[in-house]
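Same order as they appear, the protein sequences are chains A and B.
Quick note, in full-length UniProt numbering, the first sequence goes up one by one and the last residue is 563.
Quick note, in full-length UniProt numbering, the second sequence goes up one by one and the last residue is 563.
A few of these clues could be false.
Note that the list lumps identical chains together, so a pair holds whenever it fits in one copy or between two copies.
[What the hints assert, rightly or not] Pairs of lysine-lysine residues, derived as DSSO-like cross-links and limited to a Cα-Cα distance of at most 27 Å, are as follows: (1) K21 / K325; (2) K5 / K72; (3) K293 / K316; (4) K293 / K437; (5) K437 / K316; (6) K417 / K384; (7) K437 / K160; (8) K162 / K437; (9) K309 / K437; (10) K437 / K156; (11) K155 / K437; (12) K512 / K384; (13) K309 / K293; (14) K500 / K41; (15) K500 / K437; (16) K500 / K293; (17) K155 / K316; (18) K417 / K162; (19) K293 / K417; (20) K362 / K500; (21) K155 / K72; (22) K366 / K160; (23) K64 / K358; (24) K5 / K384.
I should point out that these hints are in silico values taken from the structure, not numbers from a laboratory.
What you are looking at is a predicted structure, and each value in this text was computed from that prediction instead of being measured.
2 protein chains.
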Amino acid sequence: MANWKELGEAKRDSVNALIPKAWLLPTPLPPPTEQRDVTGKYIQQFLTPREIEITETDAVGIIKNTTTATWKAREVAEAFCHRAALAHQMVHCLHEIFFEAAINDAELLDEYYAQHGKPLGPLHGLPISLKDQFHVRGVETTMGYVGWIGTFEGKKGTGKEKVYESEMVTELRNLGAILFCKTSVPHTLMAGETINNIIGYTWNPKNRHLAAGGSSGGEGALIRLKGSPVGFGTDIGGSIRILAAFNGLYGIRPSSGRLPYEGMANSMDGQNSILSVVGPLANSIGALKLVIKSLLSQQPWLHDPLVAKIPWRDEKEQEVLDIVKAGNGGQLVFAIMPDDGFVRPQPPIRRALDVVVKTIEKLGHKVVDWNPPAHARCNELVFKIWGFDGGEDVHTALGLPGEPMCAPVASFYGIKKEQYTASQISAINVLKRQYQKEYMEYWNGTASHTGTGRPVDAIISPLAPFAAARPDMYDYTGLSAWVNLLDYSTAVLPVTLVDKSIDVVDVGYTPKNPTDEKIHRSYDPELYDGAHVAVQVIGRRFQEEKVLTITEILGDALGKHVV
Amino acid sequence: MANWKELGEAKRDSVNALIPKAWLLPTPLPPPTEQRDVTGKYIQQFLTPREIEITETDAVGIIKNTTTATWKAREVAEAFCHRAALAHQMVHCLHEIFFEAAINDAELLDEYYAQHGKPLGPLHGLPISLKDQFHVRGVETTMGYVGWIGTFEGKKGTGKEKVYESEMVTELRNLGAILFCKTSVPHTLMAGETINNIIGYTWNPKNRHLAAGGSSGGEGALIRLKGSPVGFGTDIGGSIRILAAFNGLYGIRPSSGRLPYEGMANSMDGQNSILSVVGPLANSIGALKLVIKSLLSQQPWLHDPLVAKIPWRDEKEQEVLDIVKAGNGGQLVFAIMPDDGFVRPQPPIRRALDVVVKTIEKLGHKVVDWNPPAHARCNELVFKIWGFDGGEDVHTALGLPGEPMCAPVASFYGIKKEQYTASQISAINVLKRQYQKEYMEYWNGTASHTGTGRPVDAIISPLAPFAAARPDMYDYTGLSAWVNLLDYSTAVLPVTLVDKSIDVVDVGYTPKNPTDEKIHRSYDPELYDGAHVAVQVIGRRFQEEKVLTITEILGDALGKHVV
Chain A
1 MANWKELGEA
11 KRDSVNALIP
21 KAWLLPTPLP
31 PPTEQRDVTG
41 KYIQQFLTPR
51 EIEITETDAV
61 GIIKNTTTAT
71 WKAREVAEAF
81 CHRAALAHQM
91 VHCLHEIFFE
101 AAINDAELLD
111 EYYAQHGKPL
121 GPLHGLPISL
131 KDQFHVRGVE
141 TTMGYVGWIG
151 TFEGKKGTGK
161 EKVYESEMVT
171 ELRNLGAILF
181 CKTSVPHTLM
191 AGETINNIIG
201 YTWNPKNRHL
211 AAGGSSGGEG
221 ALIRLKGSPV
231 GFGTDIGGSI
241 RILAAFNGLY
251 GIRPSSGRLP
261 YEGMANSMDG
271 QNSILSVVGP
281 LANSIGALKL
291 VIKSLLSQQP
301 WLHDPLVAKI
311 PWRDEKEQEV
321 LDIVKAGNGG
331 QLVFAIMPDD
341 GFVRPQPPIR
351 RALDVVVKTI
361 EKLGHKVVDW
371 NPPAHARCNE
381 LVFKIWGFDG
391 GEDVHTALGL
401 PGEPMCAPVA
411 SFYGIKKEQY
421 TASQISAINV
431 LKRQYQKEYM
441 EYWNGTASHT
451 GTGRPVDAII
461 SPLAPFAAAR
471 PDMYDYTGLS
481 AWVNLLDYST
491 AVLPVTLVDK
501 SIDVVDVGYT
511 PKNPTDEKIH
521 RSYDPELYDG
531 AHVAVQVIGR
541 RFQEEKVLTI
551 TEILGDALGK
561 HVV
Chain B
1 MANWKELGEA
11 KRDSVNALIP
21 KAWLLPTPLP
31 PPTEQRDVTG
41 KYIQQFLTPR
51 EIEITETDAV
61 GIIKNTTTAT
71 WKAREVAEAF
81 CHRAALAHQM
91 VHCLHEIFFE
101 AAINDAELLD
111 EYYAQHGKPL
121 GPLHGLPISL
131 KDQFHVRGVE
141 TTMGYVGWIG
151 TFEGKKGTGK
161 EKVYESEMVT
171 ELRNLGAILF
181 CKTSVPHTLM
191 AGETINNIIG
201 YTWNPKNRHL
211 AAGGSSGGEG
221 ALIRLKGSPV
231 GFGTDIGGSI
241 RILAAFNGLY
251 GIRPSSGRLP
261 YEGMANSMDG
271 QNSILSVVGP
281 LANSIGALKL
291 VIKSLLSQQP
301 WLHDPLVAKI
311 PWRDEKEQEV
321 LDIVKAGNGG
331 QLVFAIMPDD
341 GFVRPQPPIR
351 RALDVVVKTI
361 EKLGHKVVDW
371 NPPAHARCNE
381 LVFKIWGFDG
391 GEDVHTALGL
401 PGEPMCAPVA
411 SFYGIKKEQY
421 TASQISAINV
431 LKRQYQKEYM
441 EYWNGTASHT
451 GTGRPVDAII
461 SPLAPFAAAR
471 PDMYDYTGLS
481 AWVNLLDYST
491 AVLPVTLVDK
501 SIDVVDVGYT
511 PKNPTDEKIH
521 RSYDPELYDG
531 AHVAVQVIGR
541 RFQEEKVLTI
551 TEILGDALGK
561 HVV
């Protein structure tokens, strides 16, 4: 049996070797104490002005150029490959690199345009990065497991190795997108940080003392560094939203069944009490709308048995815009949930929430309180569901080479436990349904006091108790995970940056419990200074169009000062 | 501990005692050998001409009269209560009788109309029967379990006893429906026949040698005897379709999440790999459309977390009608699946399928073959899923008073088995998803040879290998249960009656396996003569409007000779 460490290092080196020499950093990166922030000017120094122009254009701007052949797909692909290579060297955000294939695909797209005088599809020439759960031909899917190297999801000789593609990959290709890299995850996917025995730790590019977040951590870091204009992550407890927030990005966790998960690798695949969902991350809401709308034009419900037949609904966007335009009485109503009663978010988060409330009021909209069925009940169910198999799946995968479990995962899955039985699972599913029903009726009931006749339009709340986690200090996931049990469509709204001069420690605070104390103590204004701060905007099930439109309105009002 | 037999009999007697003396049969019913068929003229002899007129009007006709106050709700309610009382005495089809409450509700509706000059809702004054899984205030839900008598789902002192109502019950009341009885089921719900230790066996009113079917057996028998114009059953393996077919009724198993199951009693509640679904049964497709459309107008997705937000879509009906009207080239295309390769249906079923094929061709539509992914794989998964808890739930319920398990259930659940673990359940869920995906792509692929550019519009197939089961001889459920795994919207189309002079035994047939042999041997033309014969019309997920419209077209063409 080969050594897991050597296997991991060999894989890491073989991927790094795919970076063209010309794109290697000329000198080692200074430590975070010297160069905390590697975004913006720092990474720009390694790029040409033209590369900067291209990579700092958002997805909507890119396709405006690529679908009219104003920009060649090849030039765009190359610029993003270059910048992604730099990003990876700075914060370890890639698992698989396939720049050559991407550039080749881009050339084919350019030829297509030259021949037909029109783009292949609505995403013609748009580079898209993918979390390392997507299967893409030509490369592996390790999901951070050393034991998956050279296999298909841990199995050898399946005939699918480096050939099989996930449903969404096929659809993105049909739409003209260019796939060029797969991004890092914590092995098991079950962590708010990204770390594994292949590429190590994925750092937050805005503040390298902090985590990029997880589990779609590579996406967060890569897109923040503008090494990709848009990418896809997955979320079973916050794994899209956490890193969107930590990196000042927009991102959405759609309701399960809105976008196709078919044919992707996963942890505990087949656990169907809380489904992991796939969703996009980007620097603009426009980019998120663009890729969702494009994917839905592919009718994924015909190719994924779990996808609901819900095309993109422009009218749902329009309904929000009509309310906003209506003026007098035409208000949106937001429920503000500053915390879940268990932990108090750190000062920057509390300030961000205040900023959003003031923005909402300045826009003439309304805020109301939110006193839903106890979140403690919900979170208890979530933790039980995540633990249904007692860790069997992840221990099996880690056991292939005998690699050690990384710390952020070990806090939950470290000790293998007894599996739940069918009866126990059923009992949890019943409690889950009852909680969903109560929450639904609570939400319905708000129609009585919003003043609009409608129930609350969206909830605004923190999605983590901190701006970003410090390494191995992601001590509470309850603020993001309740959304997964309720399957609500939820977007992330970047709000501000930590400012040590304003966001001071609340020295007089008496923590409510040991977890609350950990969160309270882990805030260090000096260390956090400059980090991104965000909140989440929560809509009901399958309200993706509404949630994105509301988030865009708030984002526009907050201004573009963040990224 | 009281004796289960005494408890069951006491319950049975207490329910029977609610039948007004004037409605009791004057003399004992002759045995089936003398009076095989108690429908039509036989039951009519105990009714007034006016009662016959009312009860032999279909739901659409009834509401035409009740929503215009042409008929008083009270008179309609009373007529159906009377006929239901007769039906119950003939075939044992009721678990709960609440005629007094129904007549009282009807009077309130009449008062409402008198006061407001308009009906309360689209179902104003329409009597609706409910399978004994619905909770209705004032009466119990035993689901056939002696141990549930005097409890709420087996538990005492919950405060919900005789007070709590299921979500759909609330909605039906909002719509103006009159609830008057709950119908019989086999205890556990997991059988194609209806039998329990409270009311005994529910017989097929058209041929009392045969089963009414199960598990919504009481609905089948009651509606066939026109003791109810429309009722609701549930289906996790055929439990709506089986008895619709056995009783010559229209019925639909909608896709899961189309109609609200919220707040109903169930077996193995929380098992969410194959969900039981609720759907209506009636003498006409119009009645099914009426109640589904009405229920969806209540926006059940706001009150049941498992319901999809899909209002009734008139345009989906229209699409079918437009195809039919288009004439030349405007064909519907049907896939014909005569069997699943495991058992050969009995002669009447094979003839019924021929009749349907000829009807389709006469109408100018088209039939094609159907060679899907092997159904054996599907059925193996279904049986595993039904057995996830090893029988824990049903043994617990039966164990409350120590009552014996009835034979049709015992063949599957008789011996308690080991429970599946979380990992095993997940593995089955993955196989299920893969099968769904393959079946979906197979269906998509038919677009290449239908000649219409569309994939096959619907599949026509038997839903049981026999016209109706003989007692304790329901030996194969594979023809109905595969639909549940794939979650397809499926309606029952009554076709003909068994004719012993045509449907002769195929003496030369060599059975393929022991089950096939049992099915082959259990056919007795003499015994089956006169029984109803039906097939099922299978559409894709959430195609209820399309499936009902197609079934209506075929039913109209087949003629009204059946009922």
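Outcome of the hint check:
1. In this assembly of identical chains, the alpha carbons of K21 and K325 never lie at most 27 Å apart, being 54 Å within a copy and 67 Å across copies at closest.
2. Taking the shortest Cα distances, K5 and K72 never come within 27 Å of each other, neither inside one copy (42 Å) nor across copies (82 Å).
3. In this assembly of identical chains, the alpha carbons of K293 and K316 lie at most 27 Å apart whether taken from the same copy (13 Å) or from different copies (23 Å).
4. In this assembly of identical chains, K293 and K437 lie within 27 Å of each other by CA distance solely across copies; the values are 23 Å between and 30 Å within a copy.
5. In this assembly of identical chains, K437 and K316 lie within 27 Å of each other by CA distance solely inside one copy; the values are 24 Å within and 30 Å between copies.
6. Taking the shortest Cα distances, K417 and K384 sit within 27 Å of each other both inside one copy (11 Å) and across copies (24 Å).
7. For the identical chains of this complex, K437 and K160 are inter-copy neighbours only, at 17 Å across copies versus 42 Å inside a copy, given an alpha-carbon limit of 27 Å.
8. For the homomeric pair K162 and K437, the shortest alpha-carbon distance between copies (21 Å) is at most 27 Å, but the shortest distance inside one copy (44 Å) is not.
9. With identical chains, the CA atoms of K309 and K437 are at most 27 Å apart both within one copy (23 Å) and between copies (15 Å).
10. In this homomeric assembly, K437 and K156 come within 27 Å of each other (Cα to Cα) only across copies, at 23 Å, whereas the closest approach inside a single copy is 44 Å.
11. When the C-alpha separation of K155 and K437 is checked against a cutoff of 27 Å, the pair qualifies only between copies, where the shortest distance is 21 Å, while the shortest distance within a copy is 41 Å.
12. For the homomeric pair K512 and K384, the shortest alpha-carbon distance inside one copy (23 Å) is at most 27 Å, but the shortest distance between copies (47 Å) is not.
13. Taking the closest pair of Cα atoms, K309 and K293 come within 27 Å of each other both inside a single copy (13 Å) and across two copies (19 Å).
14. For a Cα distance limit of 27 Å, the shortest separation of K500 from K41 inside one copy, 22 Å, qualifies, whereas the shortest one across copies, 89 Å, does not.
15. Taking CA atoms no more than 27 Å apart as the test, K500 paired with K437 passes in neither setting, with 42 Å inside one copy and 53 Å between copies.
16. Taking identical chains as interchangeable, the C-alpha atoms of K500 and K293 are never at most 27 Å apart, the minima being 40 Å within one chain and 59 Å between chains.
17. Within a single copy, K155 and K316 get their C-alpha atoms no closer than 44 Å, and across copies no closer than 45 Å, so neither meets the 27 Å cut-off.
18. In this homomeric assembly, K417 and K162 never come within 27 Å of each other (Cα to Cα): the closest approach is 34 Å inside a single copy and 41 Å across copies.
19. Neither within a single protomer nor between protomers do K293 and K417 lie at most 27 Å apart by alpha-carbon distance, with minima of 42 Å and 48 Å respectively.
20. When the C-alpha separation of K362 and K500 is checked against a cutoff of 27 Å, the pair qualifies only within one copy, where the shortest distance is 26 Å, while the shortest distance between copies is 81 Å.
21. Taking identical chains as interchangeable, the C-alpha atoms of K155 and K72 are never at most 27 Å apart, the minima being 40 Å within one chain and 70 Å between chains.
22. Proximity of K366 and K160 under a CA criterion of 27 Å is satisfied in neither setting, with 53 Å inside one chain copy and 39 Å between copies.
23. In this assembly of identical chains, K64 and K358 lie within 27 Å of each other by CA distance neither inside one copy nor across copies; the values are 35 Å within and 56 Å between.
24. Neither within a single protomer nor between protomers do K5 and K384 lie at most 27 Å apart by alpha-carbon distance, with minima of 32 Å and 41 Å respectively.
Violated hints for the displayed structure, listed by number in ascending order: 1, 2, 15, 16, 17, 18, 19, 21, 22, 23, 24.
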